[in-house]
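K.L.:
These protein sequence lines map, in sequence, to chains A and B.
Take the first sequence: its position 708, counting from 1, is numbered 753 in the working numbering, and each next residue is one higher.
Take the second sequence: its position 214, counting from 1, is numbered 509 in the working numbering, and each next residue is one higher.
These are calculated hints, taken from the structure and not from any lab test.
The beta carbon of each residue, even a glycine, is placed where N, CA and C say it ideally should be.
Among the clues, some could well be false.
Okay, derived cross-link-like pairs now, SDA-like style, lysine to any residue, Cα gap no bigger than 20 Å in a straight line [to be verified]:
no.: 1; chain 1: B; residue 1: 519; chain 2: A; residue 2: 673
no.: 2; chain 1: A; residue 1: 798; chain 2: A; residue 2: 333
no.: 3; chain 1: A; residue 1: 378; chain 2: A; residue 2: 308
no.: 4; chain 1: B; residue 1: 573; chain 2: B; residue 2: 427
no.: 5; chain 1: B; residue 1: 352; chain 2: B; residue 2: 307
no.: 6; chain 1: A; residue 1: 160; chain 2: B; residue 2: 424
no.: 7; chain 1: A; residue 1: 308; chain 2: A; residue 2: 462
no.: 8; chain 1: B; residue 1: 335; chain 2: A; residue 2: 612
no.: 9; chain 1: B; residue 1: 570; chain 2: B; residue 2: 536
no.: 10; chain 1: B; residue 1: 399; chain 2: A; residue 2: 737
no.: 11; chain 1: A; residue 1: 719; chain 2: B; residue 2: 427
no.: 12; chain 1: B; residue 1: 335; chain 2: A; residue 2: 270
no.: 13; chain 1: A; residue 1: 719; chain 2: B; residue 2: 590
no.: 14; chain 1: A; residue 1: 593; chain 2: A; residue 2: 612
no.: 15; chain 1: A; residue 1: 462; chain 2: A; residue 2: 612
no.: 16; chain 1: B; residue 1: 333; chain 2: A; residue 2: 673
no.: 17; chain 1: B; residue 1: 519; chain 2: A; residue 2: 741
no.: 18; chain 1: A; residue 1: 794; chain 2: B; residue 2: 590
Stretch by stretch, here's where chain B covers chain A in the computed footprint (C-beta under 8 Å, at least three residues) [stated by the list, open to error]:
no.: 19; segment: 713 to 724
no.: 20; segment: 784 to 794
Quick look at which bits of chain B chain A covers, simulated, 3 or more residues with Cβ under 8 Å [unchecked claim]:
no.: 21; segment: 422 to 433
no.: 22; segment: 520 to 532
no.: 23; segment: 568 to 581
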Amino acid sequence: MSGPIGKPTPYIDGVEKVRGQAMYTDDYKLPNMLYLTFLRSTESHAKIKSLDISSAKSYPGVVAVATGKDIPVSFGILPISPDETAMAVEKVRYNGEIVAAVAGKTVEAAQEAVKNIKVEYESITAFTDPHDSLEKCNLEEQIHPHTKDGKNIHKTAELRFNEPEKELETAKYKQTGFFKFAGVTHAFTEPHSTLAIWNGDKTLTVISATQVPHYLHKNLSKVLGLPLHKIQVQKPALGGGFGGKSDPFPHEMITAYMAMKTKQPVKCTFSREEVFITHHGRHPTEMSMSVSCDNSGKITALDTDIIIDGGAYGSFGVVTSYYNGVLLQGPYKIDKFGFRTRRAYTNKHQCGAMRGHGAVNPRYAVEVILDMLAQDLNMDPCDLRNKNFLPENSFTVGEFRITSNGVRDCLDTVRKKSDWDKRYGKLPYGRGLGIACGFFISGSALPIIWNRYPQTVVHAKLDFDGRIVMFSGASEIGQGSDTMLVQIAAEELGIALDYVQVEVADTKTTPVDLGSYSSRVTFMVGNAAKTASSNIRKEMAKAIGKEKNVSPDKLIFANSRIQTQDKSIDLSWEDGVEIAMAGRGAFVESGHYISPKLGGKYKGAGAGLSPSYSFGAFISEVTVNSDTGEVNVEKIWAAHDCGKALNPLAVEGQIEGSIHMGIGQALTEEMRYKNGQQMNPNFFDYRIPSSVDTPDMDISIIESNDPEGPYGAKEAGEGPIHPVLPSIGNAVYDAVGIRMMELPMTPDKVLSKLKEMS
Amino acid sequence: MEYYHIPSSVEETLSIADNYSGNYTYFAGGTDIQIYRKQKLDTHDHIIDLSRLDELKSITVNKDHLHLGAMTTLDDIISSDIINSNYPLISEAAKSVATPVIRKTATIGGNLLVNNRCIFYNQSKEWRDSIGSCLKDKGDICQVTGGNKSCYARNVSDTATALVALESEIIFLTPSGSIQKPLTELYLPCGIKSNELDEHSILTGITIPIKAEKWWYRKLRLRKTLDFTSLTVAATVDSDRIARICLNGVSMSPVLIKEALKSLTLESLIKQARKNCKTVENDLMPLKYRREMINVYLKECWETLH
Numbered sequence: 046m047s048g049p050i051g052k053p054t055p056y057i058d059g060v061e062k063v064r065g066q067a068m069y070t071d072d073y074k075l076p077n078m079l080y081l082t083f084l085r086s087t088e089s090h091a092k093i094k095s096l097d098i099s100s101a102k103s104y105p106g107v108v109a110v111a112t113g114k115d116i117p118v119s120f121g122i123l124p125i126s127p128d129e130t131a132m133a134v135e136k137v138r139y140n141g142e143i144v145a146a147v148a149g150k151t152v153e154a155a156q157e158a159v160k161n162i163k164v165e166y167e168s169i170t171a172f173t174d175p176h177d178s179l180e181k182c183n184l185e186e187q188i189h190p191h192t193k194d195g196k197n198i199h200k201t202a203e204l205r206f207n208e209p210e211k212e213l214e215t216a217k218y219k220q221t222g223f224f225k226f227a228g229v230t231h232a233f234t235e236p237h238s239t240l241a242i243w244n245g246d247k248t249l250t251v252i253s254a255t256q257v258p259h260y261l262h263k264n265l266s267k268v269l270g271l272p273l274h275k276i277q278v279q280k281p282a283l284g285g286g287f288g289g290k291s292d293p294f295p296h297e298m299i300t301a302y303m304a305m306k307t308k309q310p311v312k313c314t315f316s317r318e319e320v321f322i323t324h325h326g327r328h329p330t331e332m333s334m335s336v337s338c339d340n341s342g343k344i345t346a347l348d349t350d351i352i353i354d355g356g357a358y359g360s361f362g363v364v365t366s367y368y369n370g371v372l373l374q375g376p377y378k379i380d381k382f383g384f385r386t387r388r389a390y391t392n393k394h395q396c397g398a399m400r401g402h403g404a405v406n407p408r409y410a411v412e413v414i415l416d417m418l419a420q421d422l423n424m425d426p427c428d429l430r431n432k433n434f435l436p437e438n439s440f441t442v443g444e445f446r447i448t449s450n451g452v453r454d455c456l457d458t459v460r461k462k463s464d465w466d467k468r469y470g471k472l473p474y475g476r477g478l479g480i481a482c483g484f485f486i487s488g489s490a491l492p493i494i495w496n497r498y499p500q501t502v503v504h505a506k507l508d509f510d511g512r513i514v515m516f517s518g519a520s521e522i523g524q525g526s527d528t529m530l531v532q533i534a535a536e537e538l539g540i541a542l543d544y545v546q547v548e549v550a551d552t553k554t555t556p557v558d559l560g561s562y563s564s565r566v567t568f569m570v571g572n573a574a575k576t577a578s579s580n581i582r583k584e585m586a587k588a589i590g591k592e593k594n595v596s597p598d599k600l601i602f603a604n605s606r607i608q609t610q611d612k613s614i615d616l617s618w619e620d621g622v623e624i625a626m627a628g629r630g631a632f633v634e635s636g637h638y639i640s641p642k643l644g645g646k647y648k649g650a651g652a653g654l655s656p657s658y659s660f661g662a663f664i665s666e667v668t669v670n671s672d673t674g675e676v677n678v679e680k681i682w683a684a685h686d687c688g689k690a691l692n693p694l695a696v697e698g699q700i701e702g703s704i705h706m707g708i709g710q711a712l713t714e715e716m717r718y719k720n721g722q723q724m725n726p727n728f729f730d731y732r733i734p735s736s737v738d739t740p741d742m743d744i745s746i747i748e749s750n751d752p753e754g755p756y757g758a759k760e761a762g763e764g765p766i767h768p769v770l771p772s773i774g775n776a777v778y779d780a781v782g783i784r785m786m787e788l789p790m791t792p793d794k795v796l797s798k799l800k801e802m803s
Numbered sequence: 296m297e298y299y300h301i302p303s304s305v306e307e308t309l310s311i312a313d314n315y316s317g318n319y320t321y322f323a324g325g326t327d328i329q330i331y332r333k334q335k336l337d338t339h340d341h342i343i344d345l346s347r348l349d350e351l352k353s354i355t356v357n358k359d360h361l362h363l364g365a366m367t368t369l370d371d372i373i374s375s376d377i378i379n380s381n382y383p384l385i386s387e388a389a390k391s392v393a394t395p396v397i398r399k400t401a402t403i404g405g406n407l408l409v410n411n412r413c414i415f416y417n418q419s420k421e422w423r424d425s426i427g428s429c430l431k432d433k434g435d436i437c438q439v440t441g442g443n444k445s446c447y448a449r450n451v452s453d454t455a456t457a458l459v460a461l462e463s464e465i466i467f468l469t470p471s472g473s474i475q476k477p478l479t480e481l482y483l484p485c486g487i488k489s490n491e492l493d494e495h496s497i498l499t500g501i502t503i504p505i506k507a508e509k510w511w512y513r514k515l516r517l518r519k520t521l522d523f524t525s526l527t528v529a530a531t532v533d534s535d536r537i538a539r540i541c542l543n544g545v546s547m548s549p550v551l552i553k554e555a556l557k558s559l560t561l562e563s564l565i566k567q568a569r570k571n572c573k574t575v576e577n578d579l580m581p582l583k584y585r586r587e588m589i590n591v592y593l594k595e596c597w598e599t600l601h
């Protein structure tokens, strides 16, 4: 590749963000703009006996007040569980749920007016422990009326292949572990923010900090009863998502409703505490998992039973339930395989998708158990893993199609770089090494809402100025998708990066992209962008060939020139553009991506299907203070197979970010509750590792060149988090001989394990 | 801004304070108190910003005594050669407070008078209204113990721990003149009113009389920076072989154990510490663990002192 593909390329939006010039949602200020604030429930589970908004309405500076009854249409990211309304209707299901909204001329007026809303609650038994939600309860205690058998179970996902339980009964080498994971949250920098404008032509524009403009577009239409063609959703600069902005949210519905109602622009920006209340992070999880293997270390069966604490509403929960199980089908070949996940509704803020969606916690469990089995067999844990990797071009037991697979390279790389063979098991007491592998989807092969359209379309436009504009619905959320669009167009057309600009994430002007979730953008949008820009090249070559009387395929596009091999034709890019546009003017070419038909025919076969999968292997080195239980991660060697690194700088950044986030969940981060109310809803008490808590990182990018990814690329945004946590857990074992079955492994838990052992 | 006052002398400060009696808050850096403003834990109408009191920004040595002006920033303390060479315990303690950026603004006086903390108190107004207020706020019951008499909010000043172990004295100015007394006497064993400075007085400086022959310092926290302490221990032995061991973050005020080294044993040290620390479940680190760490820290500390 002669162009920018594969070369470290700084983000095109980087400089503006660093200089503070980038426009985030909250930076937009419009004439006559109103500010929105909310009355939030102080109860975890209660009927709303009465709600009096009259004095709030008449409060000076207030323009409008709304309650749940004004917009009662239910919605949700998944069409199978639209169980949420914009504001509580008749009852509240968690502490912090929005009960009423006030739009005022100033923030202060709206805030003061909220205090004048009178609400009376009648408490209902609150379910804060997911185990209680699995039991039968009185009808009036049910969190949602639609759950079955009088229980508060949202979803039971279960798949079973080749009777793993039978194998496990008789297996000679078997380990079972009971694991417990606290909930964690995304902790992105930019709080949720939405600005809605009711335009003169009776259309609605919603500017919002969202990863999913398309799904927001659809849900706004449903809730507001406004036709799709009258709604425009724009995503401006966005300060981090990690899955936390991948749902359509109540505040987005309410802001839009208030703009329609008042005919004035309305803006809503959350406080950090409101961001924590809104949550949608990783589910608190409990699981028991059993894995068996034969004498040679070959895995023979895996079975696991999982309870995830979903909180009050569905969000991505049905997908999360499946991902907890199905993503254990790799990177190891396991033919006897089963899982059951039950997602409980509880009276807490809802959980949803977060980086590594659904698969992070079970990955910890399986990698720790494999370490235990290696111990039983007296085998090196790297060797045991090496014996079990899925081959390239194969199928998993649940019929996932594996194409490229660089996991063996990943393992060999970190093993060598960390000097594993000389050091594992031989370091002094208190210092240890741990290995773990990873496996993740490179985009979900199925759209969330079934339809006959492609999963993404990209338009490339060429005009007289020689500029290429890439139109894409893809949402840049810091992962580098805008830069990728530019790189691909520049590569295909042989032009400098600065000839290419983007128009993105605007449902009025850009073709649909489903959103920045499930690590799908590079793979799917990248392929579409490649087609669109290569179509521009073909059109140009056709026109130039005709004018210069040369076969189009003899024309080489490189170094911002268009030439034949012998340079008998040697045009500047601008001259080429003029020829291509003669008689027709500016033109647009299109590219799209549709995932191939994949997967089995059984119920649930669609969960976890992806056109390609990423792999990884990480080794962590830790020190453990056996007097205090403090764990310190000294270094992490990371190797991730992303197919082909289109932008190695971005891939490294994603791996580093994953390590940082993984260390947080492993060691310090935790959603703490008392009676359903979060105890640490701020960045002071919710403890994200700081720069000084972050270890040295040695990052290796493994390129397995996927046959279907653009230039061979696969995902790198989520897969790298999976091996982080278990590699730390396994290193703690190597250091001091204890198996940490509960995360985060705070010093108190480590110390009590150490005491248990002695 | 009519509510924001920036006096340039101590006299002016006291007169503004007198003017708005009962309705003002001092910013001695303001890095912590601004959060109290935001969370509506501090609702006074007036702010008196002390950042221009240059007379209170000093590090001097006088007749073997180290003197620190109350408005000296923690960063100035850390970068002071005098302190680093002669009083490393003080810079060690200052270095363990907050983050480098905060230490550029936070002052030694502000840190000595930092508000006592509790997980049920240091929350937003909406949060407190939702769970029910507490004794330290506007309620009539302690959310930690369920009792209605005592508040156990923790003193979390790291520099106080070190300065108490150095037998420091504080100087404060009152309408009737300057008063000097031991730092230990500043603190009250009460989570609500945690020091005895009244609103007509202002802390102006700290005098440190002794140099430690041996010292030990450690702070317990989940992250290596930013976090307030879950347990801080500072200890010194002076030239007369007197040991001073101060624990903080585990009680309403710093707990000092002072004894001749020859008569002190580790067992009695631990026993005294455990008896004098009124530690309750009011920190994100569990109570049981923090109690265990008192033993672990004192044991390590003892090895250095002895």
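K.L.:
If a hint holds in the structure, say so; if it doesn't, say that too.
P.N.:
Taking the hints in turn, this is what the structure says about them:
Distance restraint check for residue 519 (chain B) and residue 673 (chain A): the Cα-Cα separation of roughly 14 Å lies within the 20 Å cut-off, and the hinted pair is therefore satisfied. Proposed proximity of residue 798 (chain A) and residue 333 (chain A) is supported: the alpha carbons are some 19 Å apart, at most 20 Å. Using a Cα cut-off of 20 Å, the hinted pair residue 378 (chain A) and residue 308 (chain A) is violated, with the two alpha carbons roughly 59 Å apart. Between residue 573 (chain B) and residue 427 (chain B), the direct Cα distance comes to roughly 23 Å. Violation of the 20 Å bound is thereby established for this hinted pair.
Taking the CA atoms of residue 352 (chain B) and residue 307 (chain B), the gap is near 16 Å; set against the 20 Å cutoff, the hint holds. Of the supplied pair hints, the one linking residue 160 (chain A) and residue 424 (chain B) holds, its CA atoms being roughly 12 Å apart against a limit of 20 Å. Proposed proximity of residue 308 (chain A) and residue 462 (chain A) is contradicted: the alpha carbons are some 62 Å apart, above 20 Å. Annotation: proposed proximity of residue 335 (chain B) to residue 612 (chain A) is violated, straight-line Cα distance about 74 Å (limit 20 Å).
For a cut-off of 20 Å, the pair hint linking residue 570 (chain B) to residue 536 (chain B) is broken: about 24 Å separates their Cα positions. Simply put, residue 399 (chain B) and residue 737 (chain A) have alpha-carbon atoms about 18 Å apart, close enough for the 20 Å limit, and the pair holds. Of the supplied pair hints, the one linking residue 719 (chain A) and residue 427 (chain B) holds, its CA atoms being roughly 12 Å apart against a limit of 20 Å. As the CA atoms of residue 335 (chain B) and residue 270 (chain A) are separated by approximately 40 Å, the hinted pair breaks the 20 Å bound.
In summary, the hint linking residue 719 (chain A) to residue 590 (chain B) is not supported, as the alpha carbons are separated by about 29 Å, beyond the 20 Å threshold. For the hint pairing residue 593 (chain A) with residue 612 (chain A), the CA-to-CA distance comes to about 12 Å; that is within 20 Å, so the pair holds. For the proposed pair residue 462 (chain A) and residue 612 (chain A), the alpha carbon gap of about 47 Å is over 20 Å, so the pair is violated. A hinted pair counts as satisfied when its Cα atoms are at most 20 Å apart, and residue 333 (chain B) with residue 673 (chain A) does not qualify at roughly 35 Å.
This hinted pair checks out: residue 519 (chain B) and residue 741 (chain A) have alpha carbons roughly 15 Å apart, not beyond 20 Å. Under the criterion of a C-alpha separation no larger than 20 Å, the hint pairing residue 794 (chain A) with residue 590 (chain B) is consistent with the structure, at around 17 Å. For a cut-off of 8 Å, the count of residues in the segment 713 to 724 of chain A with a CB near a CB of chain B stands at 6, and the three-residue condition holds. Residues of the segment 784 to 794 of chain A lying with their CB closer than 8 Å to a CB of chain B number 3, which satisfies the three-residue condition for coverage.
Here the segment 422 to 433 of chain B counts 4 residues with a CB under 8 Å from a CB of chain A, which clears the bar of 3, and the coverage holds. Given as covered by chain A, the segment 520 to 532 of chain B passes the check, having 3 residues with a CB less than 8 Å from a CB of that chain where 3 are the minimum. With 3 residues carrying a beta carbon less than 8 Å from a beta carbon of chain A, the segment 568 to 581 of chain B meets the three-residue requirement, and the given coverage holds.
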